Amino acid sequence: MAEHDTAALRRNTIGSEVFAYLRRASPIAWVSQPPQSRGLIALVALVALVFPLIIDGNDADIDSAANALAFASLALGLNIVVGFAGLLDLGYAAFFAIGAYSYGFFASAQFMPDWSAFWEPFQWLHLVARVHQDGGDLVRFTVSFWLMLPISAVLAAFFGVLFGAPTLRLKGDYLAIVTLGFGEIVPIVARNWPSVTNGAMGLNGVAAPQLFGHSFGIGAQPYYFVGVALVAVLIFTSTRLKLSRVGRAWMAIREDEIAASAMGVNLVNYKLLAFAIGAAFAGATGTFYVAKLQTATPEMFMFPVSVMLLVMVVFGGIGSVWGVVVGAIILQILQSWFLEDLSQWLHALGRLIHVEWLQRIELASSIELIFGVILVFMMLYRRQGLIPASRRVQALTLQQQTAQVELTAPPPMDKLRVLSDLAYHGTEPLLDIKGLTVRFGGLVALREVSLTVPAGSVIAVIGPNGSGKSTLFNAVTGLVTPESGSVSFAGYPIERLPPHVVLGRGMARTFQNIRLFPNLTVLENVMIGMHARLHTGPTGALFRLPGTQREEAEARERCFEILTVFGNRLIPRADHVVSSLSYANRRRVEIARALASSPKLLLLDEPTAGMNPAETLELATQIKGLHNQGLTIVLIEHKLDVVVSLADNVAVLDHGEKIAEGPPDVVRRNEEVIRAYLGRSAALGSAPKGSAALA
Amino acid sequence: MAWEAVYLQQVINGLSLGAMYALLALGFTLVYGILELINFAHFNVFMISSFIGMAVLQLFGLSGQSHVLGGFALVGVLIVAFVATMLAAGLLGVGIERFALRPLRGIPGTVGMITTIGISYILFNIILLTVGAGSFNYPNPMPRIEWDVAGARLELRELLIWAVALVLMLGLHFFVSRTRLGKAMRATAQDAEAARMMGVDVDRVIITAFFLGSALAGAAALIFGLYYNYTSFIIGYTAGLRAFTAAVLGGIGSVTGAMIGGVLIGLIEALGGQVIAVRWTDVIIFSILVLVLVFAPSGLMGRANPTKS
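Just so you know, the sequences run in chain order A and B. Start counting the first sequence at 734; every next residue gets the next number (this note's numbering). Start counting the second sequence at 14; every next residue gets the next number (this note's numbering).
Read the hints as simulated data drawn from the structure, not as lab findings. Take the hints with a grain of salt, since some may be wrong.
Said to hold, decoys possible - According to the in silico footprint, chain A covers these stretches of chain B (three or more CB under 8 Å from chain A):
{"no.": "1", "segment": "111–118"}
{"no.": "2", "segment": "126–133"}
{"no.": "3", "segment": "137–150"}
{"no.": "4", "segment": "291–299"}
Stated by the list, open to error - Heads up, incomplete: computed chain A residues facing chain B, CB under 7 Å, no partners named:
{"no.": "5", "residue": "V911"}
{"no.": "6", "residue": "L1102"}
{"no.": "7", "residue": "L1113"}
{"no.": "8", "residue": "Y1114"}
All values derive from a computational prediction rather than experimental measurement. Positions of the beta carbon are idealized from the N, C-alpha and C atoms, including for glycine.
Same shape as in the complex, but just chain B (with noise of 0.2 Å):
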């Protein structure tokens, strides 16, 4: 391939990893927009969605890649897969934030923060000791279809992720902005304590936003099944800090932050193994991280302030 396809190769691949990401992103950001809590049991509520996903996929008597569907088959067995997974991730969030995290709620410090990490290990170690360590085969029924784009490869099901994606993501936009519910929602990220008095049911738009942050976290698991064809116990923790990179980088409590940040990230993803090497990509992507949130602690868009105690 010559360098300009290479890279072109590159972009078209970290708009997808960037489509995975800003999904996760949003996951972080909208919990944390509200109740100013890192969720750290976020990395696995993806983790099981992807094993969820997948079984929802092999009921359809799906296993591996090689059946395939087309037509409205594979358009109605992808639709009951993304809602069936999103809907089971999106109340496992709101069981984690009723039964864990609702006892510990304005409880300053990080107290909420240590319990997020402690979930997320109970989570990890479920599915470690049920399913166990292996990696597993994704059911997938695309076809292998794919274009010639000036010598890069772009495939079907990488345009079937930017779409499901862009949809996601344009949903949540005009929840949040058109909204009576998506209205509590901003007004309770301004001010929690004022938004109660004004008669918004706070504990509502807080399970709204633990919901519809999984849900999205389930959605970015099965783009991730359908994307590499595998998962495994371990897929949380390096997407995680992936998407939380994004969201910092976007600017924590961002919804549009969390989106932009997410395509970054997955491109610099791409092309930083590109032209460094992918061995270090981990080092760059901890290192964006932390110079983000050391030099530019708002982000591109955000109106946190991590810096106030």
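Same shape as in the complex, but just chain A (with noise of 0.2 Å):
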């Protein structure tokens, strides 16, 4: 009964006015898009639809377009690499390399190998076809483009985690030069390898693609509609993807791999994922590419090219999937249209007054130099792009932002259901650490140490700084590897696991200098806590099948539940960029990203460093009602008056080494608790000045 009273409260406290705002809210999901945005979409594919009418059929200006439209794609691909996932690739270009040459090999006359009886259900599939010729048939591979476009897609994307596999460990700049580097190899084995390639000549008589037997021949109207359907096929991934478990994890790792690693986001599978959608993206392309162009050199895939996409998407926004499509679309109609004309009218306008060097000026082959320029600017200038990826909130109302604050029902709250899920009814300790030994170079870190958290309990962990504190929360979530000793959690030995399987097994952590996703909204920032509770994969994000759906609604749901323990804190900032809230709402905002992981043992990392003393009040009252909804705390924290009103149990380290164990008041009558944090004298002298200060 109690408990009922207490839910509702809750609920007129919160008021359904904030949960009204929520809705409107932008999103990062399932939220229906707004009516207006359909219709600008349904717009922009009219107008690509009828383009070819618009500029009267001029084949070689809608063969522009549809070369635009391939760069289009290629930026696409690379956005999910770049700007989803956060990793610089600068050998992009290999990718549709791979792609480009795998339809160029099998849709050309490059490889004849001698017909045998082999080959009759290939003939039969209509795969190859019997070549008569004197002293012997031949086999030609005739491949069809459509069964191509998928097939050199799987190709590159397992040359894409073929290349990435190795380089993940990587920090940015330095995956940067190993992808450039595979880059440069790629085309470089293209013109060394002329039984497959024809080497620097390229691949001539690639096969036009055939659509219900008629071929496309040479004129550039079909390969525009085809690349049209390619970039609208693209455009969907992306979006989806985006807006998926799996583009969270992505942004999660762009922003702080460390972070996204502690809150269950496996770094290795969802940064391999990356590398392959991105690279089926470009190898899709390249068959589309040299399809259309009949022909493939292994200059069509250098640096440049690489450099160019980076442009595209540098310009149009990092990150922001019509705004890599708008920047593609943007440079290339430069490149071949406006260039040109504008170096005519240049000309024109240098025979007018008699100007020699301007009738001699060549925009178009100045692009280069405006591609430097774009970066430099938008880099200087614009980092966002030119359509921002996220869209930028409106500001709180000075009313919102001096309301009063309202806390949410005193504790007890009634329970979370992210606390209910995976409650722990083992009689073993909830976690166990044994004579861990944790070494950093010459520098002993912890030795020894041995701590037991029974199920229910709160544990504070204490210390002067330096003693060893941090490092004994990293060890135990699998950040730092320990030299020896064991950690076992709700009964299974967990001192080997990578972070993200141990937050799996329900331990969720705290930083002390705060680790969130800095530049995505607070909601972004919780559901990603709750990743590893979440199941959607990447076909589930394309598909949004119903279960998918309930899913995330449901997270959804349960993210702005555990909001409202902080009151009004957070929701109406629900949708706010994290770097943009105030400290203490950051360190809330991380607690709670730690609880949407649906967590056992909550490990917190000073969680009231740099409040003010209601704040760290307020937060330690919060933290109170968690304990009270079963939640199993242990809290590292300096500040004396919370670790008395909160833990059952305090364990203090020094040097690396527990000096002490029990309830606080006898903890903080320990002399030799005194003298770690007060000096010697300071024990020797009056201990009673001592437990003051202490206290």
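Build the complex: two chains, separate frames, hints provided.
Written out as structure tokens, the structure reads:
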């Protein structure tokens, strides 16, 4: 009955008004797109379809447009890698090359082995043709364009994983260099392997695609429509992936790898997934491009192409799906139409006013100069690009900002669903650390530390700065590998497990120096905390079947439920980028994010650091409330009043060793503890004075 | 030639290339050591410097390889050419830092590197659009004096290249290890924040790193011209990537490592071309780049940690 009342109370205090606001708030997912943006998409699609009529069927112009679409597809693929996952790839054209040569090889007369019975089934499937020639028949590959589109995508994805796998440990700029190396190696191999690629002269006579028995031939129009379809599919795929559990995991990696891993994101899998999907886009586009040109030479895939794609992504907006499409199309149009026209005008002007050098200007050849200027200009003055990936949120009104802090019902609150999911019912201690030793080179950060955390308890870890408290958390959560000792969680050893697995087992943490995903919103941050409890994969994200939709909607609901722990502090800001929040609010978001993972055990690293006394008290009450809901908590804390009011037991670390453990008021009279905090003289002098200072 | 002589010849060639790569690699390493920034602009600072050097030599009325000088005239012209080129290159590097990179300092991630790619493109196209795409015959006043060393040919210009590179590298080593500014530089490389609090003028240190790195690229560029007797707008990319590989191989951030790495890459290029095939040289060098970064990211002498995020 009491529980019911508090629930009702909470709904009232938070107010239906706030929840209505939340529904309008810009979504990460599942809030259907507003009608005007659907209308805009329909308009864009319509313009794309009637475009050949608009420009009156001029084949050269349609051809330029088809090329622009090919580069838009590539930019979309690069955007997955660079924009979503934050992995700078300077050799992206290599995957374009792989897709291009795959189709080129299987649809040209480059490789013609002798005919034998082996090829007959393939001939029956129309994959090869028998060519009659003097001195024995030969095999000519005639694999269909439509079949090669997905095959090239898969092949390129395979190479994406192959190139990606060994490089994933590297940080941003080094990864860029390695990809640049791969990007250089692929065209050189193409040049030096004439039996497959016809070397520097390039593949010739690549077959044009056929549809219902009609060859596309050399007119640009059919290619243009295939290009439109390709871009449409890739935009759809990018958008769906971005607004899903997969996209959130990528963005988490982009923002902060360590935090992403600690929040349950498997770094290796998600980075490889980004590489694979990005490469697949390029592979399919390569096939399209070669079918259109009907030739492929190594020069089409060199470093300048990779840089041009990077310029398109940077110009349009890193991470912004529509941005990179617009960026790619603008730059291509600039290159193939506008600069030519502008040069002509300048020549005319030069003739008119008799200025010699004006008549010699060829702006089209200065396109790379323009690319360079764009890169520098965008980085210096508009890093978010033409169409930024994240919309600007309306600032809070003064009224909202200065609103009276409304805390939710006093603890005990009604139970959060995230906390009831995975409650621990075992008999062993929830966390059992035995003889844990961590060494950094010559420094022993932890020496033989043992600590037992019974289920349902609150344990505080205190100690002077540098005593190894945070190292203890890092070692327990898998961020640091201990040299010896064991850690068992809910009865299972976890000391060798990576951070995302530890989180999956039900142990979540916050960081001493706050590691949120700074450019994501409060809601997105908390949703990422839920990563390990959700199941949507790339296919689910793409097709959004009812099961996926339900999962996502429920996840959203639970996130808001968690935010209510902090009353009206976070809810009106659910939509705000966390880097714009106050320090105290960022601490709250980090706790909410950890709660979202349905933890059995919550590790809080100095949760009240930087908060004023009132905020500290408020947070302590909220932590107490969580504890009352059955959550086991270990906290590192300097503020002794917080420790005393929350903890059942206190463990004291000094120089990496546990020097005392016991109930708070026993520990604070312990002489060794006083010495560790205040020095030898204080301990020898007046113990009461020391303990007063401690309290 | 006997095969021993062929290999000896390739070692001589490799050492000359290596001297050039080492000078160029130092520029990457100096900037990386302090800013953790991979400076792609360095590629084309090198390329532009070769044109500056050419202009300086032409000021002395030199063109092609027919105006041979000797004695003090030769030494004087070369000293002036090196000093002027290095100074101009250094100022170019300082300008890049001041106007394009300083506003971005402290922004995490790859923003700085993307900017340097842009600058590199701008420099590249300035040359392409002004002097054109041709390859230019480089003025070279050095007499063709050569010695026979066990069947291999050792030329005067090679000795000169080695001497110049050695003097510059020793000078840099002395600067970094013995002077006050050098000490400030090492401190900033360790921890810029702490160095600033101890009163080090970090801006000045960064400018110095760009100046010295670019000046050494200027010297490398002049060496390139005098060694190959040509220059062109495209020389920056290949030489730059090789020098960068040298810096990585030696351990990026380490001055000694860059020197050793440069010489190693020069030898690998010359001998690899001999043993396998010249058309695979690039693949060999890029493979070294990739393999070192993946399996031994701190290189031979490095302290940097490319896997930390």
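Here is what the structure says about each hint:
Under a criterion of three residues with beta carbons nearer than 8 Å to beta carbons of chain A, the stated coverage of the segment 111–118 of chain B is upheld, 3 such residues being counted. Residues of the segment 126–133 of chain B with a Cβ under 8 Å from some Cβ of chain A number 7, which satisfies the need for three, so the listed coverage holds. Residues of the segment 137–150 of chain B lying with their CB closer than 8 Å to a CB of chain A number 5, which satisfies the three-residue condition for coverage. Using a Cβ-Cβ cut-off of 8 Å, 5 residues of the segment 291–299 of chain B lie near chain A, which meets the minimum of three, so the contact claim holds.
For A/V911, the interface hint holds, the least distance from its beta-carbon to any beta-carbon of chain B being 5 Å, beneath 7 Å. Given hint, A/L1102 at the interface with chain B, holds; its Cβ is 4 Å from that chain's nearest Cβ, closer than 7 Å. Evaluation of the A/L1113 hint against chain B yields a held restraint, the C-beta minimum of about 6 Å falling below 7 Å. Evaluation of the A/Y1114 hint against chain B yields a violated restraint, the C-beta minimum of about 9 Å exceeding 7 Å.
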